[in-house]
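With these hints in hand, go ahead and build the complete structure from the sequences.
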Amino acid sequence: MLSVNLASLPIVEEMISRKEDLNIEVIKLENGATVLDCGVNVMGSFEAGKLFTKICLGGLAHVGISISGSLDNKLVLPCVKIKTSHPAIATLGSQKAGWSVSVGKYFAMGSGPARALAMMPKATYEEIDYRDEADVAILCLESSQLPDENVADHVAEKCGVDVSKVYLLVAPTASMVGAVQISGRVVENGTYKMLEALHFDVRKVKFAAGIAPVAPVIGDDLKMMGATNDMVLYGGRTFYYVKSDEGDDIENLCKSLPSCSAETYGKPFLDVFKEANYDFYKIDKGMFAPAIVTINDLRTGKLMSYGETNVDVIKKSLKFSQL
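Sequential numbering from 999 applies to the sequence shown in this note's numbering.
Honestly, I wouldn't trust all of these hints.
As the list claims (entries may be wrong) - With a straight-line cut-off of 35 Å between C-alpha atoms, the simulated DSBU-like cross-links for lysine-lysine are: (1) Lys1314 - Lys1241; (2) Lys1253 - Lys1272; (3) Lys1017 - Lys1313; (4) Lys1026 - Lys1314; (5) Lys1079 - Lys1120; (6) Lys1072 - Lys1241; (7) Lys1253 - Lys1017; (8) Lys1221 - Lys1017; (9) Lys1317 - Lys1280.
Think of the hints as simulated: they come from the structure by calculation, not from any bench.
In structure tokens form, the structure reads like this:
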């Protein structure tokens, strides 16, 4: 069986060897764990964001960055492009931010391969029938603080590995790497909604691709959380190859998937978050989705698409002005 941790390890090693040109810092903790600072005390880079995103996806996806992301004739943003032949494992088995890492005063949302060792959360891995058994744990943390030895020990214990084989990659939301890796969740937003909101068997998704604009760094972590989510919700475009079973209503799936099906559609994400009293669990799950979904049903040969991008909301979210 594929190991997302072992598939990601060479990418981690590449980042370590290229730390200077990637503008990242590598820190060896006293207990032997390795921390890669990708934006807390360093600037990071496009390339670091690309590699960070590949690791989030368990090394099972191609990640590219384009500078030709024209949304209309006035606003141009860089874009992240994703393609994978292992959508369920790469997105839900690895990339999903499914591990709330809380140790003492430290908190971060954890994504990436180590989740498949710790089974965080267990229900997701039961749904996709996957578990990793590698002896190395690689976890991507969205945080403005660097983890210490206690955090590394916690991860090692949960993953059942020696702490010397723990790698923790950290990037704040308000950073270049943070912005890239969140837009890099464009495909995962769709598979997440398929499973969590629409209860569709994501193992039927055989291939997937997506593209989303990358938010400029416009403020602190809270402002960037809004902007980065809006890039996917209002600018993300995805393509899923689904091998349906007879009886599956793929047309309804396609219509239900895009973010425009959510009741809160049309508002910048930060406004929705504020209305929910800053509680993610009060937000309609249907909102966490790409703007446009295209599905190719491999059984019937049908090709269908639903949704639309919304440049006006993106401009409002970014407080964009045309000079």
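Results for each hint:
Straight-line distance between C-alpha atoms of Lys1314 and Lys1241 comes to about 38 Å, which puts the hinted pair past the 35 Å bound. For the given pair, Lys1253 sits about 27 Å from Lys1272 by alpha-carbon distance, which is consistent with the 35 Å threshold. A hinted pair counts as satisfied when its Cα atoms are at most 35 Å apart, and Lys1017 with Lys1313 qualifies at roughly 34 Å. For the proposed pair Lys1026 and Lys1314, the alpha carbon gap of about 42 Å is over 35 Å, so the pair is violated.
At most 35 Å may separate the alpha-carbon atoms for a hinted pair to count; Lys1079 and Lys1120 meet this at roughly 29 Å. The straight-line distance between the Cα atoms of Lys1072 and Lys1241 is roughly 39 Å, outside the 35 Å bound, and the hint therefore fails. Proposed proximity of Lys1253 and Lys1017 is contradicted: the alpha carbons are some 44 Å apart, above 35 Å. Distance hint between Lys1221 and Lys1017 is fulfilled; the C-alpha atoms sit about 28 Å from each other, no more than 35 Å.
The hinted pair formed by Lys1317 and Lys1280 meets the criterion: a straight-line CA distance of about 26 Å does not exceed 35 Å.
Comparing the model with each numbered hint stated earlier shows that hints 1, 4, 6, 7 do not hold.
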